[in-house]
Structure formats: structure tokens, C-alpha cells
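Peer 1: Sequence:
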Amino acid sequence: MIDKLKKLDQRDNKQSTTIIEKNEMLSKEDWLIVGSALVLFIVNNVFLSIFLSKMPGGSAAGITTIYVISLVSLVIRKFKSVTMVFIIYGSIGILSHIMVGDWIYIPKVAIVIMIAALFDFLLHKSSYRATSFIFGFAIFVFLLNVTDYGFSYLFENFAKPMNIKDIILSLAYGYAGIIFAFATYDLLHRA
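Every number in the numbering used here is 17 more than the matching position in the sequence shown, counting from 1.
Keep in mind the hints are simulated off the structure, nothing from the lab.
The beta-carbon is built from N, C-alpha and C at its ideal position, and this holds for glycine as well.
Each hint should be verified, as a subset may be incorrect.
[To be verified] Ranges of calculated distance between the beta carbons of each label pair, as one might list FRET restraints:
1) PHE138 with LEU55: 19 to 29 Å
2) ALA127 with VAL51: 13 to 23 Å
3) ARG207 with PHE152: 37 to 47 Å
4) ILE185 with VAL56: 26 to 36 Å
5) THR201 with PHE152: 20 to 30 Å
6) SER169 with ALA189: 15 to 25 Å
7) LYS95 with ALA155: 17 to 27 Å
8) MET179 with LEU43: 37 to 47 Å
[Said to hold, decoys possible] As a list, the in silico DSS-like pairs of lysine-lysine whose alpha-carbon atoms are at most 27 Å apart:
9) LYS182 with LYS142
10) LYS142 with LYS45
11) LYS95 with LYS45
12) LYS97 with LYS125
13) LYS125 with LYS142
14) LYS95 with LYS142
15) LYS97 with LYS142
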């Protein structure tokens with residue numbers, strides 16, 4: 018009888034730990050996404066804005082942003098990775114822009130998240146190959162520039178000129194971030 022009770026107790030203990038493990042709020046992958054988005058926001062908006070605010074064709078945030086989303090998507094290799102980084106980053110950005118009265122940022126974030134979801138989809142469908150990063154990022158930059166131009170024309174009562182030089186430099190910065198992400202992923206994979 019005592020042996021049966023011990024077996025039942027062991028079985029109940031195993032079941033309770035299994036339930037706890039299955040009901041975790043966030044998986045390790047989700048924590049990687051959240052942590053990456055938070056670190057990216059701090060790096061882009063604190064360190065880079067103070068020390069390296071302007072580069073020709075954009076900012077150093079382009080390199081770090083593409084580096085982080087490329088590395089996260091290479092590590093996780095799931096559809097949600099790029100989109101979730103932009104959702105978290107954009108949500109924090111919305112809070113900081115609302116505090117200074119910049120309400121126009123909210124629809125811009127929604128547009129960027131939709132474009133990021135398309136980029137995420139392209140990466141996922143092509144199994145995260147290097148060529149998918151190259152072509153997907155070019156589409157990402159093109160759509161961001163077109164929507165930014167259209168948005169400024171429709172809602173901000175002025176049309177920003179589309180500067181081809183800035184688009185080419187944005188692509189170059191992004192491709193540098195992608196190259197660094199692949200190199201980092203290769204180093205992590207070898208370790």
C-alpha cells in the first residue's frame with residue numbers, strides 16, 4: 018500500500034512539473050526577441066543618438082537594427098521573429114513620442130510593422146537563405162521609402178523628395194548589418 022502511494026505521489030509530482038513547464042508565459046525564443054528589441058531600442062535611442070547621431074543617408078541605427086533582426090531571425094528561424102522585434106521596438110517608441118506630443122508616429126509605426134511582417138514572411142518562405150535577406154531587405158527599404166514619401170505628402174502637408182543617394186546608403190548600411198549578423202551567427206554556430 019505504501020509503495021502504491023509513493024508511486025501515485027511521484028506521478029502527481031511529474032504531472033505538476035509538466036503542466037508548469039507547458040504553461041510558461043514566454044519561451045526562450047520569445048525572451049530572445051523581447052531582450053533583443055529592448056537592447057536595440059536602448060542602443061539606438063540612447064547611445065547612438067548621443068555619440069553618433071547622423072551619418073550620410075541616415076543613421077547608424079540602420080546598421081544595428083538590421084543586424085539585430087537578421088541575427089534574431091537566423092537564430093530563431095520562425096515567422097514571428099522580425100515582426101515581433103518591430104512591434105516591441107515600435108511600442109516603446111510610441112510611448113516616448115506620445116510624451117513629447119508627436120502623435121503622427123503611431124500610424125507610421127503601424128506601416129513599418131506591416132512592412133516588417135512582409136519582410137518576415139519573405140524570409141520564412143525562403144528558409145532564411147542569404148539571398149532572401151538580400152532581396153527581402155531591398156524590398157523592405159523600397160517600401161519604407163515609398164510609404165514615407167506618401168505619408169509625408171498626404172498627412173504632413175509636404176512631400177519629402179526621394180533621395181536615391183539616401184536609399185543606396187540605407188541599403189549599404191543594412192547589407193553591412195546583414196553581413197555582420199551572418200558572421201556572428203557563424204561564430205555562434207561554431208562555438
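Peer 1: Hints first: check each against the structure and report whether it holds.
Peer 2: Hints and how they fare:
no. : hint                           : verdict
1   : PHE138 with LEU55: 19 to 29 Å  : holds (24 Å)
2   : ALA127 with VAL51: 13 to 23 Å  : holds (20 Å)
3   : ARG207 with PHE152: 37 to 47 Å : violated (27 Å)
4   : ILE185 with VAL56: 26 to 36 Å  : holds (28 Å)
5   : THR201 with PHE152: 20 to 30 Å : holds (21 Å)
6   : SER169 with ALA189: 15 to 25 Å : holds (23 Å)
7   : LYS95 with ALA155: 17 to 27 Å  : holds (23 Å)
8   : MET179 with LEU43: 37 to 47 Å  : holds (40 Å)
9   : LYS182 with LYS142             : violated (30 Å)
10  : LYS142 with LYS45              : holds (23 Å)
11  : LYS95 with LYS45               : holds (13 Å)
12  : LYS97 with LYS125              : holds (20 Å)
13  : LYS125 with LYS142             : holds (26 Å)
14  : LYS95 with LYS142              : holds (10 Å)
15  : LYS97 with LYS142              : holds (12 Å)
Going down the numbered hints, you'll see the structure goes against 3 and 9, while the others check out.
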